[in-house]
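The chain contents come next:
There are 4 protein chains.
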Amino acid sequence: MIKVGIVGGTGYTGVELLRLLAPHPKVELTVITSRSEAGRPVADLYPNLRGHLEIAFTEPDTAALKQCDLVFSATPNGVAMTTARELVDAGVRIIDLAADFRLADPAVWEKWYGMPHACEELLTEAVYGLPEMNRAEIKSAQVLANPGCYPTAVQLGLLPLLEKGLVALDSLIADCKSGVSGAGRGANVGTLQAESAESFKAYGVPGHRHWPEIRQGVVRMSGQDAVGLTFVPHLVPMIRGIHATLYMRPTGEVGDVQALYEAKYKDEPFVDVLPAGSHPETRTVRGSNSCRIAIHQPEDSDQIVVLSVIDNLVKGASGQAVQNMNIMFGFEEKMGLDQIALMP
Amino acid sequence: MIKVGIVGGTGYTGVELLRLLAPHPKVELTVITSRSEAGRPVADLYPNLRGHLEIAFTEPDTAALKQCDLVFSATPNGVAMTTARELVDAGVRIIDLAADFRLADPAVWEKWYGMPHACEELLTEAVYGLPEMNRAEIKSAQVLANPGCYPTAVQLGLLPLLEKGLVALDSLIADCKSGVSGAGRGANVGTLQAESAESFKAYGVPGHRHWPEIRQGVVRMSGQDAVGLTFVPHLVPMIRGIHATLYMRPTGEVGDVQALYEAKYKDEPFVDVLPAGSHPETRTVRGSNSCRIAIHQPEDSDQIVVLSVIDNLVKGASGQAVQNMNIMFGFEEKMGLDQIALMP
Amino acid sequence: MIKVGIVGGTGYTGVELLRLLAPHPKVELTVITSRSEAGRPVADLYPNLRGHLEIAFTEPDTAALKQCDLVFSATPNGVAMTTARELVDAGVRIIDLAADFRLADPAVWEKWYGMPHACEELLTEAVYGLPEMNRAEIKSAQVLANPGCYPTAVQLGLLPLLEKGLVALDSLIADCKSGVSGAGRGANVGTLQAESAESFKAYGVPGHRHWPEIRQGVVRMSGQDAVGLTFVPHLVPMIRGIHATLYMRPTGEVGDVQALYEAKYKDEPFVDVLPAGSHPETRTVRGSNSCRIAIHQPEDSDQIVVLSVIDNLVKGASGQAVQNMNIMFGFEEKMGLDQIALMP
Amino acid sequence: MIKVGIVGGTGYTGVELLRLLAPHPKVELTVITSRSEAGRPVADLYPNLRGHLEIAFTEPDTAALKQCDLVFSATPNGVAMTTARELVDAGVRIIDLAADFRLADPAVWEKWYGMPHACEELLTEAVYGLPEMNRAEIKSAQVLANPGCYPTAVQLGLLPLLEKGLVALDSLIADCKSGVSGAGRGANVGTLQAESAESFKAYGVPGHRHWPEIRQGVVRMSGQDAVGLTFVPHLVPMIRGIHATLYMRPTGEVGDVQALYEAKYKDEPFVDVLPAGSHPETRTVRGSNSCRIAIHQPEDSDQIVVLSVIDNLVKGASGQAVQNMNIMFGFEEKMGLDQIALMP
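Protein chains in written order, with my numbering: chain Y, 542 to 885; chain X, 542 to 885; chain G, 542 to 885; chain C, 542 to 885.
Hints may contain errors.
Stated by the list, open to error - With beta-carbon atoms standing in for the labels, derived distance ranges:
#1 X:Gln765 x Y:Pro617: 49 to 57 Å
#2 Y:Ala579 x C:Glu704: 40 to 48 Å
#3 C:Glu569 x Y:Lys680: 29 to 37 Å
#4 G:Pro601 x Y:Gly731: 21 to 29 Å
#5 X:Ala579 x G:Arg576: 52 to 60 Å
#6 Y:Gly793 x X:Ala728: 44 to 52 Å
#7 G:Arg581 x Y:Val795: 48 to 56 Å
#8 C:Glu651 x X:Ala728: 25 to 33 Å
#9 Y:Pro617 x C:Lys680: 50 to 58 Å
#10 C:Glu651 x G:Ala645: 52 to 60 Å
#11 G:Gln765 x C:Asp879: 49 to 57 Å
#12 G:Gly727 x C:Tyr744: 27 to 35 Å
#13 X:Asp646 x Y:Val795: 25 to 33 Å
#14 G:Thr665 x C:Val795: 40 to 48 Å
Stated by the list, open to error - In silico lysine-lysine, BS3-like type, Cα no more than 27 Å apart, as pairs:
#15 C:Lys875 x Y:Lys567
#16 C:Lys875 x C:Lys807
#17 X:Lys805 x X:Lys875
#18 G:Lys807 x G:Lys705
#19 Y:Lys807 x Y:Lys705
#20 C:Lys567 x Y:Lys567
#21 G:Lys875 x X:Lys567
#22 X:Lys875 x G:Lys567
Because the hints were derived from the structure by calculation, they are not lab data. C-beta atoms are modelled at their ideal positions from N, C-alpha and C, and glycine is treated no differently.
Kindly produce the complete structure, drawing on both the sequences and the hints.
Right, here's the structure in full:
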C-alpha cells in the first residue's frame with residue numbers, strides 16, 4: 542500500500558486517474574489538491590464517483606504532498622517543473638501527466654512551450670514513461686514524464702519498424718485523429734458541442750507541441766538524427782479515442798511486417814496486434830488501457846500503413862500513468878488496469 | 542424549363558437531389574421511380590419535403606423516362622449501364638450518380654466492381670463530370686458520370702500541383718475521412734448509431750473502389766501513367782462531410798503554392814481557397830456545394846499538405862450533379878445551388 | 542428594399558439571421574455591430590458565409606443604426622431595453638430576439654431576470670411576435686418581442702385546445718427537450734462536447750425563465766388567470782431542434798382533436814399538422830422555419846398528448862424574427878424562408 | 542463457482558453480460574450459443590473482449606445448457622418460453638432478459654406480444670426481478686424475468702410515493718427518453734447514425750410493450766387496479782442511457798418527499814438519491830449498475846417531478862441480470878458490479 546497524492550485533479554486526466562486509482566488495491570489516495578475546488582467533495586464535481594470515493598479537494602499543500610510516496614501531477618504545462626524539486630528532495634516520486642519533463646532538451650522545450658524550463662537539472666534524470674520502449678528505466682524513475690496522447694499512439698505504431706531501420710526516416714507521416722476530450726475540460730468555444738460535433742477538421746498543421754515529442758522518440762528508436770516527420774492532428778466529433786494512421790516508406794525488403802509487430806509486442810500486456818487485414822476501432826479500447834494496432838501494405842502503394850488506436854485518457858494519459866506507477870513500485874503491471882472497454 | 546426524371550430516388554443522394562431540384566427555376570420534375578416505394582408520396586418518406594414537393598414514387602417506367610430531357614440515375618452500381626442505351630437512343634441525356642460510367646477502362650471496372658460492363662460503347666462517350674477539370678466536355682455530354690465523393694475532394698485538392706508537374710507521382714497519399722451518410726441509407730449494422738457514433742476507424746485499406754477513380758484522375762492531370770497512390774478512407778462519427786488530407790512530395794522548387802491554388806480556382810464558383818494558415822471545417826460546407834481548400838508546408842517536413850473539404854451529399858454527389866445539369870443545359874452554373882451552409 | 546441593422550450578431554441567432562437575410566430580396570444589410578469583433582469580416586467568424594456576405598462587424602454606433610428601417614437586436618437579455626427608446630424615437634422599428642420585451646408585467650420581468658426593467662413604457666406598446674396568435678398586431682408593431690424557443694414550440698402545441706377551453710388549466714405539463722445550440726455560443730463547460738454529448742439531463746426544474754413566458758401565453762389563450770403549469774426542460778445531445786411533449790387533461794368531451802388542429806392551422810405557412818398517428822422528428826425541420834405537430838390520445842390514459850417540433854434557431858429565433866419582419870413590412874410572409882430542411 | 546451458459550449472446554445485452562461476467566469471481570462461463578455466429582470466437586465479434594475471454598459461440602445445444610447451474614437467455618421475445626421447461630426440469634435456473642416471463646397475465650402477454658404464451662404454467666412461478674421491490678422472492682427464483690429498461694427506471698422512480706399511496710393513480714405520466722442501443726443491434730434504417738443522430742422524436746405513443754409492464758408494477762406497488770398511466774418513450778441521439786421524467790399529482794399532504802426517497806433507498810447498493818435540487822445526468826451511470834434519482838416540487842405546479850436515470854444496458858438489462866444472479870446464488874450483491882461510470 543502506497544500513499545498517493547494528486548495535484549490538480551479537476552480536469553479529465555484527473556477524474557480518469559480517480560476512476561482507476563479508487564479501486565486500486567495498492568493505493569491509498571490521501572490528498573487531491575485544487576485551488577478552484579478546494580473544499581468540494583470530489584464526487585460532487587464528478588458524480589460517477591459517488592459511493593466510490595469520499596475524498597474532497599484541498600488547497601495546494603506541499604507539506605501534505607511530502608507525506609506521499611507518489612504524487613501525480615495533473616496540472617497545466619509549466620506547473621510541475623516549479624514544484625518537482627522540493628518533492629523529489631523529500632523523497633517523493635513524481636509522475637507528471639503534463640509536458641514539463643517530456644523533452645530532454647530544454648531549448649526545444651522553451652521553443653515549443655514558450656517559457657524557459659524551471660528545473661533543467663531534473664530534465665536529465667527524468668524518465669520518459671513509455672513502458673514498451675524503456676520499461677527498465679521506469680522502474681527506478683524518481684521523476685517520470687508520462688507521454689502525450691498522440692505520441693503514445695504514434696510511437697507504439699512506429700517502434701517495430703523504426704528500431705529495425707527498415708523505413709525511410711526522411712518521410713514519416715503521422716495523420717492523427719483525436720476525440721474532443723483531448724482538448725480538456727476548460728471552457729472553450731471551439732469544443733462546444735454546437736461547434737465541434739458534426740464537423741471534422743485538421744488543426745495545428747503549421748506546428749503542434751506533440752511534434753517535437755514524437756520526433757525525439759523517432760530519434761531514439763532509430764538512433765538517427767536526420768528525421769523528416771509530418772504530423773497532422775485532426776479533431777474527431779467523439780469524446781474519447783485517438784486513431785493514428787502512419788505512413789512509412791520501406792528502404793528495401795522489409796520481410797513479414799505482421800510477424801515483426803506480433804513478435805515485438807507478444808509479451809506486452811497492453812499492446813494488441815490485430816490479425817492481418819484488420820481495421821481497429823477506437824471504441825474497442827474506450828475506457829481500457831489497450832493499444833490496438835493493424836498493419837497494411839496496400840497494392841500499388843509505396844507505403845506501409847500502420848493503424849494504431851488508444852483511449853486518449855487511458856493509455857494516452859491516466860492509464861499509462863497508473864501502468865508506470867505499477868512498474869515503479871513493483872506491482873503487477875496490469876493491477877487496476879483490467880477494465881474491459883465499454884462497447885457499444 | 543426542362544423535364545427531369547429520377548430513377549431510384551429513395552437513398553440519400555435521391556432526397557438531396559429533390560431538395561435541390563424542387564426549387565430549381567428551370568426544372569420540372571416529372572417522374573421519380575422506386576420499385577420499393579411505388580405509390581408513396583415522396584414527402585411521406587422524406588417529411589422535410591412536405592409542402593415543397595407533391596410528387597409520388599412510381600414503378601420504373603422507361604416510357605415515362607423517355608419523355609424527359611434529362612434523367613438522373615441514383616440507383617446502385619450496375620443498374621444505369623443496363624438502361625442507358627435505350628434512354629440515350631431516345632435522345633434523353635443522363636447523369637449517373639453511381640459508378641457505372643466513371644472508369645474509362647472496362648477491365649478496370651470489372652476488376653473493382655465484380656461484374657462485366659454492360660455498355661462498353663457508352664463508356665467511350667461518357668464524360669467524367671468534374672467541372673473544374675473538364676467543363677468544356679460536360680457541356681455536350683450525353684452520358685455524364687458524376688464523380689464519387691472521395692474522388693471529388695481529392696482531385697480538387699491535387700489538381701493545381703499535379704497539372705504543373707511539381708510533385709512526385711510515385712508517392713501520393715490521400716488520407717480521407719467521411720461522415721456516415723456516405724454509407725447510404727441501407728439497413729446495415731456497421732453504421733447503426735450505436736456502432737459508429739463515438740468511434741473512429743479506417744476501412745477498405747487493402748482496396749477501395751474510389752482508388753482506381755482517383756488514380757485515373759491523377760493520370761489525366763499529370764499526363765503520366767506511373768502513379769503510386771495510397772488511399773486510406775476513414776469513417777467519421779458525423780452525418781455529412783468529407784475531409785481529405787493530401788500529402789505530396791515536391792520534386793523541386795515549387796514556388797508560391799498558395800498563389801498557385803488561388804489562381805487556378807479564382808473563377809470557380811464552388812471552390813474556395815482559404816487564406817494561408819487555415820484549417821477548413823466540414824461544417825462550413827454542410828448543405829452547400831462548396832469545396833474549401835487550404836495549403837500547408839510544415840517546417841521540417843518534406844511534404845506539401847493540402848486540406849480539402851466538401852459535403853459528400855452535395856459537391857460529392859447531388860449538388861455536383863445539379864451543377865453538371867446546369868452546365869449541360871446552359872443554365873447559370875450556380876442556379877439552384879446558392880444555399881448557405883447550415884452552421885452551427 | 543429596407544435598410545436593416547443587427548446589434549450583437551456574433552452568437553448563434555446572429556449567424557442564423559445572416560444566413561436568412563443575406564439572400565432576402567427585400568433586405569439591404571447595412572450594419573452589424575459587435576464590440577468584441579469590430580473590424581472583423583463576418584465571413585471570417587462564420588466561414589459558411591464566405592462568398593455570400595461582404596460586411597464586417599463594426600463598433601456599436603447608434604447613429605448608423607438610426608439610418609435603418611429595422612434593427613434586429615441579438616444581444617444578451619437586458620441590453621435592448623436600454624437602447625430601444627432612442628431608436629424608436631428616430632422612427633426605427635425593432636425586433637428584439639432577447640427577452641426584454643416578452644413579459645408584459647415589469648414585476649414578473651424583474652423577478653425572473655434579476656434586474657428592474659429599464660423601459661417600462663415601451664413594454665406596453667411592445668408586441669409579442671407569435672404570428673399564429675396575433676398576426677394583426679404584429680403588422681403595426683414598433684417594438685416586437687420575438688418569442689423564446691421553448692415558448693414557441695409549446696404555445697403552438699397548446700393553442701388550439703386552450704383557446705377552445707377544452708382542457709384543465711390547473712394541470713398543464715410541458716416536457717421539453719432542446720439541442721445544445723440553445724445554450725448559445727459562449728464558452729461554457731456544461732455544453733462542451735465532452736460534457737454534453739452522450740448524455741441526457743433535465744435542467745432548471747425549480748424554475749426557468751421561459752416558464753413565465755409560456756404561462757403568460759396560456760393566460761392570453763385561455764382568458765383565465767388560474768393556471769397550473771409544469772415546465773421541465775431537458776438538454777438533448779444534438780445541435781439544433783426542440784421537441785415539446787405536451788400533456789393536457791380534457792375537462793369533458795373534446796371531439797375530433799386532430800380535425801381541430803388541422804382547421805386551426807390550415808392557412809398557416811409555417812405550422813404543419815401531421816397525419817394522425819405521426820411522431821414528428823426534429824430533423825425534419827432542421828434549418829427550416831416549420832413547426833410540425835402531431836396529436837395523440839393514448840388508450841388507458843387521461844391525457845391528450847401533443848408533440849411539437851421546431852428548429853430552435855429558426856422558428857424558435859431568427860426565422861421567426863424574419864417572419865415577423867415580413868409581416869411588419871408587408872412582404873410576402875414566406876419570403877426568404879423557403880429553405881427545405883437538411884435531411885439527413 | 543457456478544457454471545453459466547448464455548443463449549443468444551450476439552446482441553448488446555449479450556456483449557454487456559460478457560463484459561460483466563468475464564471478470565466475475567464466482568462465474569465460470571461454459572457455453573454461449575448463437576446460430577448465426579457458431580464457431581466464431583466471441584472476441585472476434587466484440588474486439589473489446591480480446592484478451593479477456595477465450596470462448597467461442599456454439600450452435601444452440603440443450604445438452605450443454607443442462608450442465609449449467611444458470612442460463613441467461615438473451616434471445617428475442619418468444620424464444621425463452623419455448624425452452625425454459627426443459628431446462629427447469631433439468632434443475633437449471635434461468636434469467637430471461639427478454640419479455641417472456643415479465644407479465645403475469647398470459648392474456649396481456651398475448652395482446653402485446655402478438656402470440657399465445659407457450660409456457661403459462663411457468664408464468665405463475667416466474668419472479669419479476671426488480672430487487673428493490675422483491676428481493677426476497679428473487680432468492681429462490683427458478684425462472685427470473687429480468688425487467689425491461691424503461692420499467693426499471695420508471696418503477697424505481699415511482700415506488701416510494703406509490704407504496705405510500707400519496708399520489709393520484711389515475712394520472713401518472715412517465716415521459717421517458719432512451720439512447721439508441723435500446724433498439725438493439727439488428728440492421729435497421731431508423732437507428733442508422735445518419736437517421737437518428739442529430740434528431741429527437743417520440744415513438745410508440747399509441748402503445749408500447751413496456752406500458753403493460755409498468756402498469757403491472759404500479760398495480761403491485763399501490764395495491765390498486767384502477768390505474769391511468771401515460772407512457773411516452775422518446776429516442777435520444779446517444780448510445781447508452783435512459784432518463785425517466787415522472788409526473789405525479791399528490792392527493793393531499795405528502796410531507797418531505799426527499800426524505801421519503803432517501804429512507805426508502807438508503808440500504809440499496811444500486812439506487813442513489815441525489816441531494817435536493819439535483820438533475821441527474823445519464824452519463825454519470827454509463828457502464829455502471831446505478832440508478833440515480835432526484836425529486837422536485839416546482840412552484841406553481843400541481844406535480845411532483847421525479848427524475849430517474851440508468852444505463853439501459855446495465856441496470857436496465859445485463860447489470861440487473863447479474864445483480865439478480867448474485868441474489869439467487871447467495872453471492873455478495875455487488876459482486877462484479879463495482880464498475881465506476883465512464884465519464885467523460
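Structure-based check of each hint:
Judged by the Cβ atoms, the range 49 to 57 Å given for Gln765 (chain X) and Pro617 (chain Y) holds: they are separated by roughly 50 Å. Judged by the Cβ atoms, the range 40 to 48 Å given for Ala579 (chain Y) and Glu704 (chain C) holds: they are separated by roughly 42 Å. Distance hint for Glu569 (chain C) and Lys680 (chain Y): a CB-CB separation of about 36 Å, consistent with the stated range 29 to 37 Å. For Pro601 (chain G) and Gly731 (chain Y), the hinted distance range of 21 to 29 Å is satisfied, since their beta carbons lie about 26 Å from each other.
Checked against the hint of 52 to 60 Å, the pair Ala579 (chain X) and Arg576 (chain G) passes, with Cβ atoms roughly 58 Å apart. Evaluation of the 44 to 52 Å hint for Gly793 (chain Y) and Ala728 (chain X) yields a pass: the beta carbon distance comes to about 47 Å. Between Arg581 (chain G) and Val795 (chain Y), the C-beta spacing of about 51 Å keeps the proposed range 48 to 56 Å intact. Between Glu651 (chain C) and Ala728 (chain X), the C-beta spacing of about 29 Å keeps the proposed range 25 to 33 Å intact.
Between Pro617 (chain Y) and Lys680 (chain C) the beta carbon distance is about 53 Å. The supplied range of 50 to 58 Å therefore holds. Between Glu651 (chain C) and Ala645 (chain G) the C-beta distance comes to about 56 Å, which sits within the given range of 52 to 60 Å. Checking the proposed 49 to 57 Å range against Gln765 (chain G) and Asp879 (chain C) shows it holds: the Cβ atoms sit about 54 Å from each other. For the pair Gly727 (chain G) and Tyr744 (chain C), the supplied restraint of 27 to 35 Å holds, since their beta-carbon distance comes to about 34 Å.
Look at Asp646 (chain X) against Val795 (chain Y): about 31 Å separates their beta carbons, and that is inside 25 to 33 Å. Take Thr665 (chain G) and Val795 (chain C): their Cβ atoms lie about 42 Å apart, and the range 40 to 48 Å holds. Restraint check for Lys875 (chain C) and Lys567 (chain Y): satisfied, since their Cα atoms lie roughly 21 Å apart, inside the 27 Å limit. At most 27 Å may separate the alpha-carbon atoms for a hinted pair to count; Lys875 (chain C) and Lys807 (chain C) meet this at roughly 15 Å.
Using a Cα cut-off of 27 Å, the hinted pair Lys805 (chain X) and Lys875 (chain X) holds, with the two alpha carbons roughly 19 Å apart. At roughly 17 Å between alpha-carbon atoms, Lys807 (chain G) and Lys705 (chain G) fall within 27 Å of each other, so this suggested pair holds. Between Lys807 (chain Y) and Lys705 (chain Y), the direct Cα distance comes to roughly 17 Å. Compliance with the 27 Å bound is thereby established for this hinted pair. Simply put, Lys567 (chain C) and Lys567 (chain Y) have alpha-carbon atoms about 23 Å apart, close enough for the 27 Å limit, and the pair holds.
Between Lys875 (chain G) and Lys567 (chain X) the CA atoms are separated by roughly 21 Å; this keeps the pair inside 27 Å, and the hint holds. Restraint check: the Cα-Cα separation between Lys875 (chain X) and Lys567 (chain G) comes to about 21 Å, which is no more than 27 Å; the hinted pair holds.
In summary, this structure violates none of the numbered hints.
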